[in-house]
Structures are given as C-alpha cells and as structure tokens.
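Asker: Generate the whole structure from the sequences, applying the supplied hints.
Same order as they appear, the protein sequences are chains A and B. All residue numbers for the first sequence refer to the numbering used here, where the first residue is -9 and numbers rise by one. All residue numbers for the second sequence refer to the numbering used here, where the first residue is -9 and numbers rise by one.
Treat the hints with care, since some could be wrong.
Repeated chains share a single entry, so a pair holds when one copy, or any two copies, can fit it.
[Claimed, not checked] Derived pair list, reagent style SDA-like, types lysine to any residue, alpha-carbon separation capped at 20 Å:
| # | residue 1 | residue 2 |
| --- | --- | --- |
| 1 | LYS102 | GLU78 |
| 2 | LYS261 | HIS111 |
| 3 | LYS102 | GLY208 |
| 4 | LYS102 | ASP258 |
| 5 | LYS102 | ALA135 |
| 6 | LYS261 | ARG217 |
| 7 | LYS261 | VAL4 |
| 8 | LYS261 | ASP107 |
| 9 | LYS261 | SER271 |
| 10 | LYS102 | LEU27 |
| 11 | LYS261 | ALA200 |
| 12 | LYS261 | ALA207 |
| 13 | LYS102 | LEU282 |
| 14 | LYS261 | GLY205 |
Everything labelled a hint here was simulated from the structure, so no lab data went into it.
There are 2 protein chains.
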Amino acid sequence: MTHALVEAGAQVVVVDRMVDGHGGDRRNLVGLDVDLLECDIGDPAVADGLADVDVIFNVAGQVSHTASMRDPIRDLQLNALSHAAFLETVRRVNPGARVVHTSTRQVYGRAKGERVDETQHAAPVDVNGVAKWAGEQLHLVYHQAYGIASTCLRLTNVYGPRQRLTSDELGFLPVFFRRALTGDAIQLFGDGSQRRDVLHVDDVVSALFAATDPGVAGEVLNVGGPRDHTLVEIARLITSLAGSGNAPVVVPWPQEHRAIDIGSFHTDGSKIEAALGWSASIDLEQGVGSTLAFYRERPWYLSST
Amino acid sequence: MTHALVEAGAQVVVVDRMVDGHGGDRRNLVGLDVDLLECDIGDPAVADGLADVDVIFNVAGQVSHTASMRDPIRDLQLNALSHAAFLETVRRVNPGARVVHTSTRQVYGRAKGERVDETQHAAPVDVNGVAKWAGEQLHLVYHQAYGIASTCLRLTNVYGPRQRLTSDELGFLPVFFRRALTGDAIQLFGDGSQRRDVLHVDDVVSALFAATDPGVAGEVLNVGGPRDHTLVEIARLITSLAGSGNAPVVVPWPQEHRAIDIGSFHTDGSKIEAALGWSASIDLEQGVGSTLAFYRERPWYLSST
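Answerer: Right, here's the structure in full:
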C-alpha cells in the first residue's frame, strides 16, 4: 500500500510498532521517500503524524489466531485497545480525516451458508476474531457518535509480495510460499479439503483505495478473492509453479489449530461490488506466479526475523 | 444474588474489586457469612476462590455508557481484558465449573424492530456495548475451544434493592429512585417518550439461577422485563409511589447522552422462556413499591459514595 501511495504521488507517514514476529519490516520501505513513526498506533506520539493527513489507512493489528489463544490479553491490546486510543487521537487532532480500517473474515467464525455476506452474525471462534470485531466496531461507534468517517473492510486470507514468510503464525499462505521456495513439502492439516477464497495484496490495496469513497463511511464491507479453492489446490499450484518437486503432505491436525478451525469459507463480495464497483481481479495462478518471482529475487525474505 | 445464594444454603466467595463509583459496596454484604476477595476478576489471586466452586456467576463489569465514551480504554479493560484473564484462570484451575456471564442489551444498539431477539445483529452505539460484546464472546470462544460451560445473559435495565443510588452514571433507574426519595424532580431527557422494559434485581437473580441449566451452555439469552413502559410512565410511577410530590420535568438532551442514545428498546425474551421456562415475574408497580420501601429503611444509600 505504501509503495502504491508513493507511486501515486502521495505524501505518506508510516506508523508501525515493528512488533517482533509481526509483518512490519524496515526493508519493505527501502528506497521510498516516506516518514516512519516507529510506535504503536495507540501511542499519543501518533498525533504528530496524523494531524495533517487526508486519509488514514488503519491496517495495524495482530493477525495470528493461534497466538491470540496463547495470549488473549495481548491480542485484545493490539487489536482493540490500541485502536480505541488511536481513535481518541484522531478525534482530537484530525476528526475530518477519512479512516479505512482493515478487519477480517475471522469475525464471522464458521460459515453458515455457501457464501458469507455481511448479514451473517459475527460469531468468532477465537480471541483474534473477538478482538478484531471490537476494533472495527469502535470505528463505527466513533463514526456514529463523533462523525469520524470510518469504513471497515473484512479481508479474507491475503498473500503476495512483502509478507513476512518466516513466521508460522501469520496465516497459512506465507507458510505455503516459504516451504515451496525452500523445497520443503507443504503440510496440510487434516485432508486439505477446506476451501478458501484468497486475496492478492494488490487487490487489497485497490480495495483500500476504493473504500475511501465517502459513500461507504460507516459501513462494513467484505473483501474476498476472485474465487474459492481447496487448500490442496492452492498448495499444489504453489508447489508446481515454484518447481520444488515436493508434493504437499497431509498431517494430523495440531490441537491448537483444530480447536479454532472454521472449515471452509467463501466470501460474498456483492456489497462492495454494488457500492464501489470493486471486485478482486488477480486470479490465483497469476498472483502466485508473480509472488514467487518477487521472493526469488529477494531471498532475504526466507530468513528474515 | 449473594443474599439469595446464602439463603439457599450455598457457600459463597464474592470477588469484587470495589471500583470507585461502581456498584460494589461492602455494606451490601453485612451479616452474610461469605468470603470476600477484594480484587479484579482478572487478577491471578482469583484462582484461590475459583478452584473448588461448582458455579461461577461472572457479573463483574463497568456499566456506564457515558463513562465508556470518556475513557474507552478503561471500559475495554474492565469489560473485556479482565474477562479474558479471568477465563484463563478458570481454564487453568477449574475448567469444569459452570459459568454464567451477564452481558447487556446494549450490544444490540438501536432496535431494528418492535421487539429485539437474539437474531438481531450486535451493532453497539457506544464503547460499553463493544466491550461487553467482546466479554461475552470470549466466554463463547472458551466454550467452543476448551469446553468451558459458559452462558451469557443480555440484561435490560435493572433496578431494585442494593443498587448504588448516588452515581448519575449507572443507568437512569437509580437516578430516578434517588431523586424521588430525596424529593427532587426526576429529569427526563428529550420528551421521555422512549420505551424500555425494566427488570427487578430479583428477576435477574432467578434468571441467573435458571441459566445454570447445562442445556444452555454456549448460548446467549436475552433477559427482559415483564413489559415495556415509557420513561415518563416509569418516572411518574416512582414519583407517585415515593409521594415526593415533585412531578418529572423534561430537560434538553445532554450532548454526551444524545450521541449514544438508542431510543426505545423492548426485549424479546422468547428464547430463554422456551429454553428454561423463565420469564420476568415482578411487575413495575410491585417492584418499585418494594424497592422504595427497602431504601426508606436504609437511608445511607442516598449518601453512599
């Protein structure tokens, strides 16, 4: 997103606490003319960076489901409390800014039908889903009570360039890419028949930009991928395009994953398509191919901590 | 609840942080043979009190909507983070205990129809509603992931004996009672035409006891009053039964209340009635009369801090 903003001529302030094991990495900003404030979004120091901006993309958060179960307090702090403090800062220094917040399809928990649209109840199965819902709803409360023009996007699983590959806790996609690139077999929990619609980061960026439309202030919008696939299909495609030769293997469910697994999930993106004309445009084959090419040219991602 | 439990022969450990301005008051326990642990439910010291109990009534929380907007972080800490820490303690020391948690109809926000049942989406209008929803959903996550037998009750506005009367921030009912008992006119924001179903504390206690039924583990249940009334009706009835002579007066909406007002709300209690045969039995006239009699005999409630 920062790369796309700079390319479009925007002046950008990046706020990142660079939490260990999370996605933040200074090397992702090398060569970009941006300011970096290295602090939590809930830190009052953020006020300096926020005061004069037109648009705030609030994409801060902890995304690991298993980590949220091992340390619920930390997840609530990073996904809810920090956002409450951040919104207080916005209200104080720049209440007219446009705010787009990224939430997650994890707030829905298990799918109740074939496709999940925004009318399905939030019923999270892990602490991360609870905390992310709280974070998004705080944005809506500040919209209703104080007129802060916030929009929340519920993203499905994201992959693509500049994702941290070395953690096993930032979703299955970076793990799949890392193992394919290092020649290790991708491990599938259970039988790998669960289905997911996955989303290339460039589609996330275009959704974030589209969501600055004032017509969707106060709204929650699903952001899904172009279609759904089984995890086996995704693993095979990544393996095959990586040319690693090691076929995916099925392994028993680790208990900490099984306890919070949601099974198959397919986002219904009708609402954002109707409101903003946005839909995901990067299909899996194209997205996986360009992602593998990106990482092959930057092998440090495979050992980055 | 503690009085009813002791009367029924239960051995009771009370955990209360006695937060300034909240409902906790040591004098409510005078004459009862109970242990009091004076700490936050998220404090690990709670483990001593929890280890051997059969049932845990988790009624801890901060209930003020306006306070939640003035200090969002504190509300999230008291209604969500403390409960996450508490559930971790339960999981560690007594995972077989039955847990009943009290949530609030505030999680729904504004009513979408004449009566609000559990199928209406949670869409809170203030930080308190967000934080209470997070607290209840954490209980459901611990039910699904770890088998902790939790049930969450969404209570409407509660009144009755032993409520703190001296705060203006614990709902409108204690304020109405205090003003009627001190001879001050009850103030109604706007025109007082908003409707609410209100609930006597003895009905809350019977709902809490009914909800220990194992058949409703993992469920969220509304707990509403016997019928709905306008705030004008409630104010007039309290004034008339108190014999204070000062008629209720209409005042302009204070901005901090107006920003988060939900208008009329009438709980649909069909689910708990079908599941447990429970419905509220104390009508307003009877409940107000006995509540006024209780406070008249204990005038210190009118000056308690």
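Asker: Each hint needs a verdict: does it hold in this structure or not?
Answerer: Each hint tested on the structure:
no.	hint	in the structure
1	LYS102 / GLU78	neither (35 Å within a copy, 29 Å between copies)
2	LYS261 / HIS111	both (16 Å within a copy, 17 Å between copies)
3	LYS102 / GLY208	between (25 Å within a copy, 17 Å between copies)
4	LYS102 / ASP258	within (12 Å within a copy, 23 Å between copies)
5	LYS102 / ALA135	between (32 Å within a copy, 18 Å between copies)
6	LYS261 / ARG217	within (16 Å within a copy, 38 Å between copies)
7	LYS261 / VAL4	neither (29 Å within a copy, 48 Å between copies)
8	LYS261 / ASP107	within (8 Å within a copy, 25 Å between copies)
9	LYS261 / SER271	within (16 Å within a copy, 44 Å between copies)
10	LYS102 / LEU27	neither (41 Å within a copy, 42 Å between copies)
11	LYS261 / ALA200	within (13 Å within a copy, 41 Å between copies)
12	LYS261 / ALA207	within (14 Å within a copy, 34 Å between copies)
13	LYS102 / LEU282	neither (34 Å within a copy, 48 Å between copies)
14	LYS261 / GLY205	within (13 Å within a copy, 37 Å between copies)
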